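S.K.: Chain by chain, the residues run as shown.
Protein chains: 2
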Amino acid sequence: MVSAAKIDVDFDYDGPLMKTEVPGPRSRELMKQLNGIQNAEAVHFFCNYEESRGNYLVDVDGNRMLDLYSQISSIPIGYSHPSLIKLLQQPQNLSTFINRPALGILPPENFAERLKESLLSVAPKGLPQVITMSCGSCSNENAFKAIFMWYRNKERGHNNVTKEELESCMINQPPGCPDYAMLSFMGGFHGRTLGCLATTHSKAIHKLDIPSLDWPIAPFPRLKYPLEDFVKENQQEEARCLEEVEDLIVKYRKKKKIVAGIIVEPIQSEGGDNHASDDFFRKLRDIARKHGCAFLVDEVQTGGGCTGKFWAHEHWGLDDPADVVTFSKKMMTGGFFHKEEFRPNAPYRIFNTWLGDPSKNLMLAEVIKVIKREDLLNNATHAGKALLTGLLDLQARYPHLISRVRGRGTFCSFDTPNDATRNKLITIARNKGVVLGGCGDRSIRFRPTLIFKDHHAHLFLNIFSDILANFK
Amino acid sequence: MVSAAKIDVDFDYDGPLMKTEVPGPRSRELMKQLNGIQNAEAVHFFCNYEESRGNYLVDVDGNRMLDLYSQISSIPIGYSHPSLIKLLQQPQNLSTFINRPALGILPPENFAERLKESLLSVAPKGLPQVITMSCGSCSNENAFKAIFMWYRNKERGHNNVTKEELESCMINQPPGCPDYAMLSFMGGFHGRTLGCLATTHSKAIHKLDIPSLDWPIAPFPRLKYPLEDFVKENQQEEARCLEEVEDLIVKYRKKKKIVAGIIVEPIQSEGGDNHASDDFFRKLRDIARKHGCAFLVDEVQTGGGCTGKFWAHEHWGLDDPADVVTFSKKMMTGGFFHKEEFRPNAPYRIFNTWLGDPSKNLMLAEVIKVIKREDLLNNATHAGKALLTGLLDLQARYPHLISRVRGRGTFCSFDTPNDATRNKLITIARNKGVVLGGCGDRSIRFRPTLIFKDHHAHLFLNIFSDILANFK
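Residue numbers (this note's numbering), protein chains in the order written: chain A, 2 to 473; chain B, 2 to 473.
Quick caveat, the hints were computed from the structure, so don't treat them as lab data. Keep in mind that a hint or two might mislead.
Note that the list lumps identical chains together, so a pair holds whenever it fits in one copy or between two copies.
No more than 20 angstroms apart at the CA atoms, straight line, and that leaves these computed lysine-lysine pairs for PhoX-like [claimed, not checked]:
| no. | residue 1 | residue 2 |
| --- | --- | --- |
| 1 | K33 | K340 |
| 2 | K291 | K252 |
| 3 | K117 | K225 |
| 4 | K33 | K117 |
| 5 | K126 | K33 |
| 6 | K340 | K126 |
| 7 | K204 | K164 |
| 8 | K473 | K386 |
| 9 | K117 | K340 |
| 10 | K87 | K204 |
| 11 | K257 | K370 |
| 12 | K284 | K117 |
| 13 | K310 | K126 |
| 14 | K310 | K370 |
| 15 | K225 | K340 |
Values in this document were obtained by computation on a predicted structure and should not be read as measured data.
Chain A extracted, bound-state conformation (with noise of 0.2 angstroms):
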């Protein structure tokens, strides 16, 4: 079960150890208990996080395995890096875990400058506003709320609001609440809280029996693989996707409801890791701006470095920068970059309690000077180089489980025929010292760590070729 391979980070161990079924004795017997709290269904094992280290994560029952998920995306640099282990025994930081400020009305001392030296110091370029949040939802949230508020402003042309805004407003009502749209797509993920959830559709549990607004859903492009072989069918198929996105603005408006803003993430994550081409990206841009809607790229799940660029976006070699672009899991802290006209013109019209959280600043601060020091933007270019060119050599050999083969550095995935058989891949592998995330109806998805490298690929690879030889 154990594979060598080259221990180049010394916290890293050298090879998944397996010693029961995944999930064990022990962690059955806790799913049990927590079951008894709440639905506990979705619980795939209970975890040693302090043996877990690198790119492997420990369970209760002592096994060891390669952790190609990380949390769902959201583990920067691996398990117990010792640069953040260093940084909680500086006695100088205790204070930033336990006395948690309302940033927004009482920040410590350091705030700006952390945030240059965090956040600033990656912002997407034409982007240097920054707000911080707790999560990935409050974070769409609030910025679809500065978009609404932007578009107002604009469409008013002055700053005077009217007594009747300011009365209808309380009670839900038009003109203070107007009906502004976000425009989304099919496929998307933008979060679970009432305002994202209009935006998201991924899977309909999600959004089964929740009240939703009526808001624009455009198609998203459905590219065919290899992408070299299909240009043509490739290029209507996101053709056709980018005119309905013009028609629905169009239509929107025709019935009063005013689209504000247009949300897509680089590459649609939950909904199946669907791509789209650098060019739809751009033209999408485009028609934002022709019809004067704002350009929201949420960022939340493929920012942070994993696709060889700091931002996914930052592929697309824009002219005009997006609007504005959320944050979270990798990022530690969720929150938001925009540009300076997205400003919101008074205090407290975004604002929350808690504003993020400065411990989350001060852990990330020190997770970007790695990415930096360690240069894992190439890393994840390098390192994605080997894994897909290890997926493309299996869908080869495996063509009737493994298609679709796609990937962007480490973000990488692949379909398998149905539910099922993608489901007890991923048992298997668990079972053999790899943890893998499905996503969409039938994809796999690879979410690893920045610190995943070449020899973490082979080592999977190997692991995975075994497994496809002898599935049944």
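On the provided structure of chain A, position chain B as indicated by the hints.
M.R.: Coordinates of chain B only, in the frame set by chain A:
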């Protein structure tokens, strides 16, 4: 400036110590810096959290202030509490801070145990289930969702979801996304994400320009003080509001908009510290049951012990418990308690990547130990009585400046003649070494930590008495 005060918690300071105006020169400089990155107009001053201890907040200009606002009511046991410092210094706890898991799928070994020793050890009677979230808004958003699912399942009467429901929900339409509503109260505050914001009606600036939902809004009683002088008027006022609640439920059902739940704060906080009688809430609970609506009590600001009971709604003496109780702020993690019947009937229905944060659960467990060990609920009752008695005395002496003194535990407040006077009083107090917070149009609210003692109340009252005597 320094008042002599008994030191009974050894880490607390013995009084305010003022060196400059607040904000001082260093704060002003930092404000300018932060304002380059984001709208920083809400910032009061910048803090030195390393030097802040107990009930005292120290700013970057070296001013030490008695903090009666405690980061919008979110510091449970004071700044830099020795028990929390000790917790952070224990090497075995490091992992919890640097390896943040996706709690819903890969929880740490001690997850259930920690929920038991923390949240469940203080769970409201009859609410044995708990789900954690990262903030107050996400707590309410997800509580709404649990209520909508519960209501729909009740309506369905069976577990079979139709194909039409599964398909329509993907495009935000009924029957999959039913036209359900939460009933809320004018003056209430439940957060600022789109779902929460549809139930928030405290200030126009929170809601202006943001699209909303046509959900019913009932009047909240406007009681007259002192309560004992206006028994009959107040009863009539409460009866009027309750009648309106029932009328709205019926009226909205007629237009096919179903009120699935009622959300209410035990004391409307942001909206101006508006109280209602225990009898009002008991009757509201009955109305909810009578009409088949869930009864959601939002304890984000009132919870955690400041009213003298762990949950403010425990004062009401309900026969039938609330259905759902949300929390955040002083609880350090967001989340909600609920009855068994509100348990999601499938995994991933109430879900997000982080689902809270085990590092907050770790600190909360310690905070709850301190609350129990130091008998801080009784302390809140006792210190609150000292504070309220003193405020009533000031009201008698300065009726042109102070009116409608009210409170439960240390959760006290009073009205000033108008917004300008209120803000002036807050500024003067700050320059005399006391941090106060406003709420509503013209109220000042007290939100001290749970280690606020009688002597802190007397210290404040002395300072404030001088301020009132010299107020021009």
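S.K.: It remains to establish, for every hint, whether it holds in the given structure.
M.R.: Okay, the hints, checked on the actual structure:
no., hint, result
1, K33 with K340, "between (49 angstroms within a copy, 19 angstroms between copies)"
2, K291 with K252, "within (15 angstroms within a copy, 43 angstroms between copies)"
3, K117 with K225, "neither (41 angstroms within a copy, 50 angstroms between copies)"
4, K33 with K117, "between (45 angstroms within a copy, 14 angstroms between copies)"
5, K126 with K33, "neither (49 angstroms within a copy, 23 angstroms between copies)"
6, K340 with K126, "within (10 angstroms within a copy, 49 angstroms between copies)"
7, K204 with K164, "between (42 angstroms within a copy, 13 angstroms between copies)"
8, K473 with K386, "neither (29 angstroms within a copy, 73 angstroms between copies)"
9, K117 with K340, "within (16 angstroms within a copy, 45 angstroms between copies)"
10, K87 with K204, "neither (41 angstroms within a copy, 44 angstroms between copies)"
11, K257 with K370, "neither (48 angstroms within a copy, 56 angstroms between copies)"
12, K284 with K117, "neither (32 angstroms within a copy, 53 angstroms between copies)"
13, K310 with K126, "within (13 angstroms within a copy, 51 angstroms between copies)"
14, K310 with K370, "within (15 angstroms within a copy, 46 angstroms between copies)"
15, K225 with K340, "neither (35 angstroms within a copy, 48 angstroms between copies)"
In this structure, the earlier hints numbered 3, 5, 8, 10, 11, 12, 15 are contradicted, and the remaining ones agree with it.
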